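Peer 1: Counting in the working numbering, the sequence shown runs from 176 upward without gaps.
These are calculated hints, taken from the structure and not from any lab test. One or more hints might be untrue.
Only pairs whose alpha carbons sit at most 27 Å apart, straight line, appear in this in silico DSS-like list of lysine-lysine [stated by the list, open to error]:
(1) K340 / K229
(2) K253 / K219
(3) K219 / K229
(4) K253 / K340
(5) K219 / K266
FRET-style restraints, in silico, Cβ to Cβ [to be verified]:
(6) R256 / F202: 47 to 53 Å
(7) I321 / T191: 18 to 24 Å
(8) H304 / L216: 48 to 54 Å
(9) P249 / L324: 55 to 61 Å
Note that this is a predicted model, so its numbers are computed, not measured. Where is the CB? At the ideal position from N, CA and C, for every residue including glycine.
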Amino acid sequence: MIGEIFRVVTDNTVQTIIFFLNIYIWFCIIDRLFLYGWLLLPEKGSSVSRITGKVRAELNALHIVYENEKQLAPYIGKYIRMLEHRLSGIKTGTAAAPMLGLLGTVWGMLIAFSVMAESGTGEPAMIAHGISSALSTTMWGLVAAIPGLVALPFLQRLKIRLINKINAEKITYIGGQSCSV
Numbered sequence: 176m177i178g179e180i181f182r183v184v185t186d187n188t189v190q191t192i193i194f195f196l197n198i199y200i201w202f203c204i205i206d207r208l209f210l211y212g213w214l215l216l217p218e219k220g221s222s223v224s225r226i227t228g229k230v231r232a233e234l235n236a237l238h239i240v241y242e243n244e245k246q247l248a249p250y251i252g253k254y255i256r257m258l259e260h261r262l263s264g265i266k267t268g269t270a271a272a273p274m275l276g277l278l279g280t281v282w283g284m285l286i287a288f289s290v291m292a293e294s295g296t297g298e299p300a301m302i303a304h305g306i307s308s309a310l311s312t313t314m315w316g317l318v319a320a321i322p323g324l325v326a327l328p329f330l331q332r333l334k335i336r337l338i339n340k341i342n343a344e345k346i347t348y349i350g351g352q353s354c355s356v
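Put together the whole structure using the sequences plus the hints.
Peer 2: What follows is the structure, encoded as structure tokens:
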């Protein structure tokens, strides 16, 4: 059953590329959902989010004392960059999938027209195969892009929510004492 699905999906080179692009898009979406969900949860016994707790733990482990928030910015920036990781992969994959589907459509139609040129209209099965290939790559390109189109705005809102949470829990380390403002 799985082998048959894989054979149908990887009928030609473009469909194979779209298939693996679809897997990559889903991997990125699931990875971000789990990470953002985990970071939004509060730590045990605390009202502070896990991302704030991670920054505090790192600073406490390094025994660093900060005089103001500007000195803390590089550590917070590291976590903000972590939040943005893989979102560009979803954007690129979502944009590329329909274009690859279009490439497959052109490829399939070229196959259909080359069969028509060689045999006239006497080989309808071969012409149908080319047209089928053209239409199926278009479909698979859209199937790969739609989850990214749906998930990306949701993931970007979660990222903004986490960044706002970090800013709301402004971490200050003044004189060796940590507190939330």
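Peer 1: State for each hint whether it applies.
Peer 2: Against the structure, the hints come out as follows:
no., hint, result
1, K340 / K229, "13 Å, holds"
2, K253 / K219, "23 Å, holds"
3, K219 / K229, "13 Å, holds"
4, K253 / K340, "15 Å, holds"
5, K219 / K266, "34 Å, violated"
6, R256 / F202: 47 to 53 Å, "19 Å, violated"
7, I321 / T191: 18 to 24 Å, "19 Å, holds"
8, H304 / L216: 48 to 54 Å, "52 Å, holds"
9, P249 / L324: 55 to 61 Å, "34 Å, violated"
Hints 5, 6, 9, counting from the list given before, are not met by this structure.
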